[in-house]
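Sequence order for the protein chains is A and B.
For the first sequence, position 270 matches number 313 in my numbering, and the numbering has no gaps at all.
For the second sequence, position 108 matches number 1540 in my numbering, and the numbering has no gaps at all.
Because the hints were derived from the structure by calculation, they are not lab data.
Ideal Cβ placement from N, Cα and C applies to all residues, glycine included.
Each hint should be verified, as a subset may be incorrect.
What the hints assert, rightly or not - One side only, chain A facing chain B, incomplete, derived with CB under 7 Å: (1) Gly153; (2) Arg154; (3) Ile174; (4) Val175; (5) Pro180; (6) Gln181; (7) Cys183; (8) Ala185; (9) Leu187; (10) Ala188; (11) Leu373; (12) Ala378.
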Amino acid sequence: MQPTREHLLWMYEKMIEIREYEETMAKVYLEGKLPPKIQKGLAFDIGAGPVPGEMHLAAGQEPVAVGVCAHLGDDDSVVGAHRSHHFAIAKGVPLDAMTAEMFGKDTGLGRGKGGHMHLFHVPTKFSCSGIVGASAPQACGAALAARKLGKDWVAIAFFGEGAANQGAFHEALNLAAVWKLPVVFVCEDNKYGISVEKSVSTSVASNAIRGAGYGMPGVLVERNDAVEVYAAAGAAIDRARRGEGPTLIEVKTDRYFGHFQGDPETYRPKGESAALRQDDPIVRLGARLRAEGLIDEAQDQALRLRIAGRVESAFAFGRNSPYPDPQDALKHVFAE
Amino acid sequence: MQSNSKTGVRTLTMAQAIAEAIGQEMERDPSVFVMGEDIGKYGGIFSATTGLLDRFGPERIMETPISETAFMGAAVGAAAEGLRPIAELMFVDFFGVCFDQIYNHMAKNAYMSGGALKLPVVITTGIGGGYNDAAQHSQCLYASFAHMPGLKVVVPSNAYDAKGLMIQAIRDDNPVVFCYHKGIMGLSWMSYFEGSTNAVPEEAYAIPFGESRIVRDGRDVTIVTVSQMVQKAAIAAEQLAQEGISVEVLDLRTIVPLDRAGVLASVAKTGRVLIADEDYLSFGLSGEIAALVAEHLDTIQLRAPVKRLAVPDVPIPFSRPLEQAVIPQVDAIADAVRALMRAQPIHQLQQGAQA
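Kindly produce the complete structure, drawing on both the sequences and the hints.
Shown next as structure tokens:
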């Protein structure tokens, strides 16, 4: 399945937006966390600064998000994991409210109660979770609901290669296959579960092999490439919409930053991240678009400027929004 | 089932009442469906879904693999889409294999979404011991769920309440853990306390959460309790009445929300309180009620220190005499009440010494 011109341009734009967002967050996150502003002896203060807490960035993994989400509408569900900014942006979650959530502000998606690992946006059916492996069962539920409601909606579970060793993965894939649910399981193999290499954690070279164990297609996308992800995801999503059941896809992708910001990355060969950036999927798609005459240099520059403005505006919104009233911590435990 | 066709009131077991409630709500609301292990042809190991497969078919009475994480997570996902799943956790003891989906997601996602998301899920689960099923199939554990913010916890003691509380649970927009004690379900293969099988109207009715029920009115001692222990307390109260001790039995019915006002009103009246609980003693329901009373000693005058009866912080043992020893029985409840009647608070002792 080859992307249309519109989808190629959309994927390109969204990848730039995701990259811009993550590179911006990488810098903003460190505000107020590094010496000399913090007490002596600390290398890093995770709870300080305007964006406190952990921060898992997805720069390098953009092809997975856009290659899948290009096929989705608002009625399709996406459940992500702890590293999910790219999925949220590609699914169309509003940038302002998402950023405000990471700043812990009252205007955030969860009014400051979730933070960056727990983003919920009901209108685009997006959610994510800080628990490794938790997305797969919930995507099954969304897919089950689609079938019960008689809709051709699909659900996507995104998770990392580390999550494929969780019991939840096994249970969810079996359930999806037994019930023939319209769900696609998309595994991002970025080579590391925090610091642990896949070869140390996983009994098979590719999780795609595991699809056979559940009686569902297992597809390996060997290159961190939006067009290749698009093709594999398109086939799987069409199959799901036709009522033919689930598919497992694994994409070999690249994580440019550490597991979280501030990760010393001692487990990683020196220069690995810089080398990965030499094979940047955004640069590659840009070159193709220019070669095919879909975009020229001036349009590319203008696009990048527009995106930078959008991201800057979202960060300004997050930064300038008010904090919630401390008493609001007691609200929303139960629905009214 | 015994019926009185004129009034539409029949005598039902708790299991029959629960299945009837689920069936009536499924008739009313097509978004309600049930998932779980052996809930179809078998009708639920504890008969909570008997007859429903024939009426509603396998698309709404969904047999699951033995995969609690998968179907509890699927309940979260389906509820987020606006459906109202009922997910049966066969024994509450099995929560260990799927608690992440329950307490990290089902209980918290509404909060973390700032109220944008609603998750109307009912978890039905069998609790309790007394039939020698040992440490992994005999626990109550309702306090463990109650400890986690975001879950409502229902613990009925009889068929009438079970029906009304189940209907309320299904209509609630929040996750509800509905704990039915196996020893009051009225099963044909396990002896049960007959007080749990009672008159149940045919029509649907809802019992609001957070409203305790005075099972028996009394003036000397309040027994605060739930579930099967309500039936034991009622028997103990009857025995104690022969000795001239007037016991008030308060059935909490739900522990989240907790009827704090109801507890305080009863204890203020009697001045003595025993908490009879089949869950573990420490850090649980009995401590919570004791703390509640302690926090109100400016308005309540106790005539004796608070007393607690619960499983004394040991796993439930298999052997009959061992199990009977750790799960509070009718005699233990009666003895505890007698001890309360003998006890005196320190201010009375001091007054006595001065006199």
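Hint by hint, here is what the structure shows:
no.: 1; hint: Gly153; verdict: holds, 4 Å
no.: 2; hint: Arg154; verdict: holds, 3 Å
no.: 3; hint: Ile174; verdict: holds, 5 Å
no.: 4; hint: Val175; verdict: violated, 10 Å
no.: 5; hint: Pro180; verdict: holds, 2 Å
no.: 6; hint: Gln181; verdict: holds, 4 Å
no.: 7; hint: Cys183; verdict: holds, 5 Å
no.: 8; hint: Ala185; verdict: holds, 4 Å
no.: 9; hint: Leu187; verdict: holds, 5 Å
no.: 10; hint: Ala188; verdict: holds, 3 Å
no.: 11; hint: Leu373; verdict: violated, 10 Å
no.: 12; hint: Ala378; verdict: holds, 4 Å
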